[in-house]
Amino acid sequence: MSAQTINESDGQSGESAFDIELTLLLEAIFQRYHCDFRGYAKSSLRRRLRQAMERFGDTSLSELQGRVLHDAQALPILLDYLTVQVSEMFRDPTHFLALRRDVLPLLATYPSLKIWIAGCSTGEELYSLAITLAEAGLLDRTIIYATDVNEEALRKAEAGVYALDRVAGFSANYAKAGGTGSLSDWFTAAYDGVVFDRRLRRNVVFSDHSLATDGDFAATHLVMCRNVLIYFDRELQDRAIALFEQSLVPRGFLALGSKENLRVSSRAAAFETFDGRERIYRKLP
Amino acid sequence: MTHAPPISDLTPPPAPLAPVDAIVIGVSAGGVEAILAILALLPASFVLPIVAVVHLPRDRPSLLVEVLGARARIDVREAEDKELLLPGLTIAPPDYHLLLDVDRGRRHLAGAPDVRLALSNDALVSYCRPAIDVLFQSAAEVLGPRVAGVVLTGANADGALGLRAIKAAGGLCAVQSPDEAPARTMPEAAIASAQPQFVAPLNDIIQWILALDAHRAVNTESTVFYDR
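These protein sequences, in sequence, are chains A and B. According to the numbering used here, the first sequence is numbered sequentially starting from 225. According to the numbering used here, the second sequence is numbered sequentially starting from 12.
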């Protein structure tokens, strides 16, 4: 990124040209393709859109807007910049340890379970949770809804293939997360990657879903949405948390990322804190 | 590169001391000592928000808030997503980028927009997460000329592009003298990239930081007001 592209906003008069163009671009994408990024946090969008401009060789967001309006091929490339999160398996191992130790025993009392992973991206969290459920003997009676706005990411999640050089990190996290066996029990090596056991996704419904425009999934017992809300502005955060609240059964669990909280949400009163450190909340009855 | 004279014994502070609404600091190797040295000299009455990126291991929780908080008279906290930028020292959490953002919809006392913290999980920048460049570039975008960027000791080039962005937006830039820094790579890269207004030993930078706050206090044009 060159210093020249940074705007010269004086911080007190109107918005910078870049921010105005950014708002217009999001509006254009929404009207043309019904993908709604208007509620995404501007701080990260600025960075991501500058990278997209560089990729396309555009010198302004207006130029990028013209491109994406007239060339449908540009959209999926742009969507990767706007949506794809790089995660890893068992990221924040203590979070998965808390789920395994404290939450799953309570969920085990239900005859069948529904879990919604909102913003599953390329599936790292999905497989982490599925393995945790399997080792707790719960996977066979669980339906998992794995949703994301990025269809390409969903396809990768469904394939369950990850680069070999990431697996050592995944395995170390798995051990710290209280894994009862070896992570290699759950994948087979293939070429320069590993493919995760298809049994892990037998009860997984992969679905294109936007927290900005779509509705909720009925009667879930656990909603996992980690490091997704940080990319939303407060209004969209509120909408998403309201969806989770509607979706969850009374006493159902909401698992957020390690730096996300309900404090700034208007829906905070609908939840109690179950594990403050690990950002696990429970819907009040 | 011209070295500006130390300003510790000068009153009133000389140019380039325009009013700012926040100070952003970046450090890596040896940085904790430098931050401790800064905190040791900041009085409880220090109002300007300070936001810092300290390069730390990504795979474990940080004890930095406890370590620094015990030695500080100002509040020390780890950044939380969407919280208001407040007086005190706010530190980026391990393994997240920290950015500033502005809530233009919600107006503060003086009609100025609220400045808030934002976290991101995006890819590493210069092998770092949190990256100094990410914080500094967002600070330049959101605060324009009303921010001071400080690059201290460090062993890689993170912060160089960010400090250049602050300079380009009209903000103030200070860099620790490479000769004094335990690791000179980061100050050298920042000096070459941003041509900062102020290159000085840490103690003089601390005096400069104190002067920024004093300057804020007498400057009624400040766009952001803080209640303590």
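Keep in mind that the hints are not guaranteed to be accurate.
Covered, in the sense of this in silico footprint (three residues per stretch, anywhere, with C-beta under 8 Å from a C-beta of chain B), are these stretches of chain A [said to hold, decoys possible]:
| # | stretch |
| --- | --- |
| 1 | 261-269 |
| 2 | 305-314 |
| 3 | 443-455 |
DMTMM-like cross-link-like pairs, simulated, lysine to aspartate or glutamate; straight-line CA separation at most 20 Å [claimed, not checked]:
| # | chain 1 | residue 1 | chain 2 | residue 2 |
| --- | --- | --- | --- | --- |
| 4 | A | K400 | B | D70 |
| 5 | A | K400 | A | D499 |
| 6 | A | K380 | A | D432 |
| 7 | A | K400 | A | E287 |
| 8 | A | K380 | A | D326 |
| 9 | A | K380 | B | D70 |
Simulated from the structure, these hints should not be mistaken for laboratory data. Model, not experiment: these values are computed from the prediction. Glycine residues also receive a C-beta, built at the ideal position from the N, C-alpha and C atoms.
Evaluated hints:
| no. | hint | in the structure |
| --- | --- | --- |
| 1 | 261-269 | holds (count 4) |
| 2 | 305-314 | holds (count 3) |
| 3 | 443-455 | holds (count 4) |
| 4 | K400(A) <-> D70(B) | 11 Å, holds |
| 5 | K400(A) <-> D499(A) | 18 Å, holds |
| 6 | K380(A) <-> D432(A) | 13 Å, holds |
| 7 | K400(A) <-> E287(A) | 47 Å, violated |
| 8 | K380(A) <-> D326(A) | 30 Å, violated |
| 9 | K380(A) <-> D70(B) | 25 Å, violated |
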